[in-house]
Each structure stands twice: as structure tokens, then as C-alpha cells.
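Asks: Sequence:
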Amino acid sequence: MPFPVTEPLILIFALLLDWLIGDMRWFFKHVPHPVVLIGKLISFFERKLNRTDRSSVNLSVRGAVVTFVTVGLSALVGYGFHQVFQLYAYGWVAEIILVAILLAQRSLAAHVATIGKALKNKDEGAARDELRHIVSRDPKKLDVHGVARSALESLAENFSDAVVAPAHWYILLGLPGLCAYKAVNTLDSMIGYRTKRYEWFGMIAAKLDDAVNWPAARLSGLIFVIGACFAPEGNPVAAFKVMMRDASKHASPNAGWPEGAMAGAFDMALGGPRSYPGGLSETVWIGDGRARLVGRDVMRGVTLFAIGCGILWLVALILYLVDLRSL
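Residue numbers (the working numbering): 1 to 327.
Derived by calculation from the structure, the hints in this document are not laboratory data. Treat the hints loosely; a few may be bogus.
Derived DSSO-like pairs (lysine-lysine); straight-line CA-CA distance at most 30 Å [as the list claims (entries may be wrong)]:
1) LYS196 with LYS141
2) LYS241 with LYS40
3) LYS140 with LYS196
4) LYS120 with LYS140
5) LYS140 with LYS122
6) LYS141 with LYS48
Build the full structure now, drawing on both the sequences and the hints.
Replies: This is the structure we're talking about:
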């Protein structure tokens with residue numbers, strides 16, 4: 001290539017590729033997705049080591065071993081792939097494809113847009129069916145406004161977890177950092193719950209996930225604040241105000257930042273009581289606007305998400321230009 005291939009440049013192309021092709025379900029019907037492979041490894045360890053008759057200390061140690069072995073192996077695999085790609089003149093193309101696979105811009109936007117369109121068409125059943133793909137709570141127990149809020153909450157939180165954080169760790173630590181992050185995120189989604197089975201076994205995984213998502217969550221909120229300047233009916237001042245005021249109210253140390261920015265941008269209230277498989281969770285409200293959200297509100301959130309992805313792309317471009325000046 002006539003110009004240097006660095007992580008920011010690969011990320012620029014990977015973000016574009018992910019937005020164009022999405023999650024490639026047709027391909028992964030025949031080839032296992034990397035996250036699926038990580039999940040199978042976690043499931044194997046969990047079945048072997050998570051014995052409920054063990055003490056809390058014993059379970060915590062076992063969970064820590066599973067966490068660090070899984071993350072370490074994932075980083076090692078990422079390092080191995082990077083080294084193999086370096087052996088070939090166009091190995092950077094393969095790395096772009098792998099990074100794109102580990103991002104989730106288009107698939108997430110598509111799921112939430114489908115929910116928004118279904119709600120606008122008064123098809124609550126279709127909206128609930130689609131919501132199952134992106135949340136763990138029970139959609140059957142949500143009214144139409146709860147479905148809309150849940151879709152937006154997932155969109156905001158996953159902008160951080162599935163888009164900004166992977167990009168952040170790839171820029172910092174390359175392919176090993178990205179693979180390690182995806183392992184942490186998958187561990188948290190599988191064993192990071194405060195239930196009887198996972199409270200101690202998944203404790204380290206949950207804490208590590210909080211730690212590695214800390215920078216990206218705040219950056220995601222800031223991106224949404226900037227994005228509100230360009231979103232129709234968006235209010236960047238209110239987005240910043242609500243984010244700074246309400247982010248700490250969230251049960252998660254990270255999710256409140258992008259959720260607060262999105263709620264403030266469109267004068268909405270997110271959160272509130274919600275139903276999970278383990279029962280009702282009396283979650284606090286984020287934002288003090290309208291809670292009776294509808295399909296139109298969901299589509300406004302998707303617009304802000306798309307603008308946020310564009311801003312992230314510009315950040316990658318700026319980082320690449322800075323790299324060029326330093327070379």
C-alpha cells in the first residue's frame with residue numbers, strides 16, 4: 001500500500017465494512033463466529049468448574065481462573081492472527097475483515113430500526129419478537145412504551161459495548177486487545193449476573209467488564225452529546241446536562257453515560273421498573289422527559305446512533321492523520 005497501514009487506518013475501513021455488510025449471517029451459518037467460539041470455551045469451563053456446593057471464595061477463585069484464561073487465550077489468538085497477517089503483502093485486508101466482524105454497528109441499528117418500524121405500524125408482537133434478540137428481559141411483560149424504552153436503552157448501552165469499546169481497545173492494543181475485550185464482554189454476558197449460580201463465579205468477570213468499558217462508556221456519551229447537534233430535534237445541552245446528572249444513578253457504572261445522553265438529547269426518560277427472568281427490577285429513571293415512548297422515538301434514537309458511528313469514524317480518521325504526521 002502506498003501509505004502506512006496502522007490500526008487507525010484498519011479501523012476506518014473496518015467501520016465502513018461493518019456498516020455496509022452487517023453481521024453476515026449467511027456466512028456464519030457455515031462458519032462459527034469468533035464470539036460463538038469464545039462462548040463455547042466459557043461454557044466448557046463453567047460446566048466443569050462452577051459447582052454450587054463450593055464456598056464463595058472457592059467459586060470466586062475458579063471464576064477468576066476462567067476469566068483470565070479465557071481473556072489470555074483470546075489475546076494470544078489475536079496476536080497469532082496479527083502475526084500471520086503480517087507475513088503477507090495484503091494481510092491487512094484480512095485484518096480489516098476480522099475487525100469488522102467483531103464490531104456491531106449495522107446489525108444493532110437494524111434490529112432497533114425494525115422495532116421502531118413495527119411500533120410505528122402498531123405491530124406490537126413483531127416489536128417484542130425483535131426485542132428478544134437484543135435484551136435479556138422478558139418482552140411479554142412490557143407494554144408498548146416499555147418495548148420502546150428497552151430498545152433505546154439497549155441501543156445506547158451497546159453503542160458503547162459493541163462499537164466504541166472494541167474500537168478503543170483495537171486502537172490501543174491492536175488485534176490482541178480487541179480479541180481480549182470481546183472475551184471480557186462475552187464472559188460478562190454469560191456469567192456476570194448477580195444470581196445464585198453466578199454471583200461469586202462471575203464476580204471477577206463482571207468487575208473486569210466494568211473496568212474495561214469505563215473509558216468507552218464516557219466517550220460514547222460525549223459522542224452522543226456531539227451527535228445531538230446534528231440530529232433532528234436533538235438538544236446537545238440537555239444531553240450533556242442529563243448525562244452528567246443521571247449517569248451515576250444507573251446500576252451499572254458505565255451504561256448511564258450513553259443512556260443519559262440519549263435521554264437528554266430527545267427529552268426522554270429511560271429505565272424505570274423492568275422484568276427479568278429472575279423477577280422485577282425497580283430500576284431508577286434516567287432523564288426526566290417523556291417515558292411513554294413510541295416508534296418515532298426509537299427511530300430518532302437510531303438516527304443518533306448512526307450519527308455517533310459517523311463521528312467515531314471521523315475520530316479514527318483524525319487519529320490516522322496524526323499517525324501520519326508522526327511517521
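Asks: It remains to establish, for every hint, whether it holds in the given structure.
Replies: Hint check:
1. LYS196 with LYS141: Distance ~23 Å between LYS196 and LYS141 Cα, so the pair holds.
2. LYS241 with LYS40: 42 Å, violated
3. LYS140 with LYS196: 24 Å, holds
4. LYS120 with LYS140: 18 Å, holds
5. LYS140 with LYS122: 16 Å, holds
6. LYS141 with LYS48: 34 Å, violated
Hint violations for this structure: numbers 2, 6, all remaining hints satisfied.
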